[in-house]
Amino acid sequence: KAGVTQTPRYLIKTRGQQVTLSCSPISGHRSVSWYQQTPGQGLQFLFEYFSETQRNKGNFPGRFSGRQFSNSRSEMNVSTLELGDSALYLCASSLLDTQYFGPGTRLTVL
Amino acid sequence: DQQVKQNSPSLSVQEGRISILNCDYTNSMFDYFLWYKKYPAEGPTFLISISSIKDKNEDGRFTVFLNKSAKHLSLHIVPSQPGDSAVYFCAASEAGGYQKVTFGTGTKLQVIP
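Read top to bottom, the protein sequences are chains C and A. Counting in the working numbering, the first sequence runs from 308 upward without gaps. Counting in the working numbering, the second sequence runs from 86 upward without gaps.
Isolated chain C (complex conformation) (with noise of 0.2 angstroms):
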C-alpha cells in the first residue's frame, strides 16, 4: 500500500506571496492532518480534516488554510507569506489512533 504522499518536496517562495501545498493520504485513511515543523517549535498543529470537513484547527492565523476533497487528498494553502512561514510542512493521514506522515514539503520563504 502506498504511503502518504506530499508535493512539491521543495518550494522557495518571497513574502507576500501565496502558495498551496498537497497531500495524498494513504488509501482509505479519512482523516488528514497538517503540522508545521521549524527547528524551535518542534512540529505544531495545523489543521484536520475528516470526510472533507475540518475537524479540529491548531492556534494558526487565518493565513493559513485548508481543505480536504472527496477523495480524501487535501491541500494547505498559506497566503501573504512572511519569512517565518518558511518550515517542513508535514500532512499526515491515519485510520484509527496511529497517523501515518508523508515525507513533508519544504518551504523556503526569502
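I should point out that these hints are in silico values taken from the structure, not numbers from a laboratory. There may be inaccurate statements among the hints.
[Unchecked claim] As a list, the in silico DSSO-like pairs of lysine-lysine whose alpha-carbon atoms are at most 27 angstroms apart: (1) A:156 - A:193; (2) A:153 - A:193; (3) A:90 - C:364; (4) A:185 - A:90; (5) C:364 - A:141; (6) C:364 - A:156; (7) A:185 - A:141; (8) A:153 - A:139; (9) A:141 - A:153.
The hints should help you fit chain A onto chain C, whose structure is shown.
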C-alpha cells in the same frame, strides 16, 4: 505554552547500551501518548504508543513507561543500535481527540558505534 516538553535536545549513547528519552506533559487531559522517530528529509515514523490505562508498553527493543502522577513518560531503547540515530518526538492527545496531537520539540539521539 509548550504542553509537551522534551527537555533534552540531544543524547549520545554507546552502541549496545540503553537509550532513555524523556518527555513531560502539563495537560492532565492527555490520555494517549506516542513516540515517533524522524530521519532527516523524511516524515516522522510511528514507533510505539501507550494509553493512560497502562504504565508500560513494550515492542521489541522499545519500551515506553508512563507515570501519570508525575506527568512523565520515557522511551527506553535496549540495546541501542547505530540505526536508531534519529530525532525522537514525544506526542500526546486527549480522549476522543486523537486527531489533534501535540508534539514535543524532539530529542536527537546519536548512537555511537
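Mind checking the alpha carbons of residue 141 of chain A and residue 153 of chain A for me, to see if they're no more than 27 angstroms apart? Holds, at roughly 11 angstroms.
Against the 27 angstroms threshold, does the CA-CA distance of residue 364 of chain C and residue 141 of chain A hold or violate the hint? Roughly 31 angstroms separates the two Cα atoms, so the pair is violated.
Check the hint pairing residue 153 of chain A with residue 139 of chain A against an upper bound of 27 angstroms on the C-alpha distance. Roughly 9 angstroms separates the two Cα atoms, so the pair holds.
For the pair supplied as a hint, residue 185 of chain A and residue 90 of chain A, is the alpha-carbon distance within the 27 angstroms limit? holds, 16 angstroms
Does residue 193 of chain A sit within 27 angstroms of residue 153 of chain A, going by the straight-line distance between their CA atoms? Given pair residue 153 of chain A, residue 193 of chain A holds - Cα atoms ~24 angstroms apart, limit 27 angstroms.
For the pair we were handed, residue 364 of chain C and residue 156 of chain A, check the Cα-Cα distance against 27 angstroms. holds, 25 angstroms
Decide if the proposed pair is consistent with the structure: residue 156 of chain A and residue 193 of chain A, CA atoms, cutoff 27 angstroms inclusive. It holds: about 22 angstroms lies between the C-alpha atoms, which stays within 27 angstroms.
Would you check the hint for residue 185 of chain A and residue 141 of chain A, treating anything up to 27 angstroms between C-alpha atoms as holding? Between residue 185 of chain A and residue 141 of chain A the Cα gap is close to 23 angstroms, so the pair holds against 27 angstroms.
Hint check: residue 90 of chain A vs residue 364 of chain C, CA-CA at most 27 angstroms. Holds or violated? Answer holds: residue 90 of chain A to residue 364 of chain C is near 21 angstroms, not above 27 angstroms.
Hint compliance for this structure: hint 5 alone is broken.
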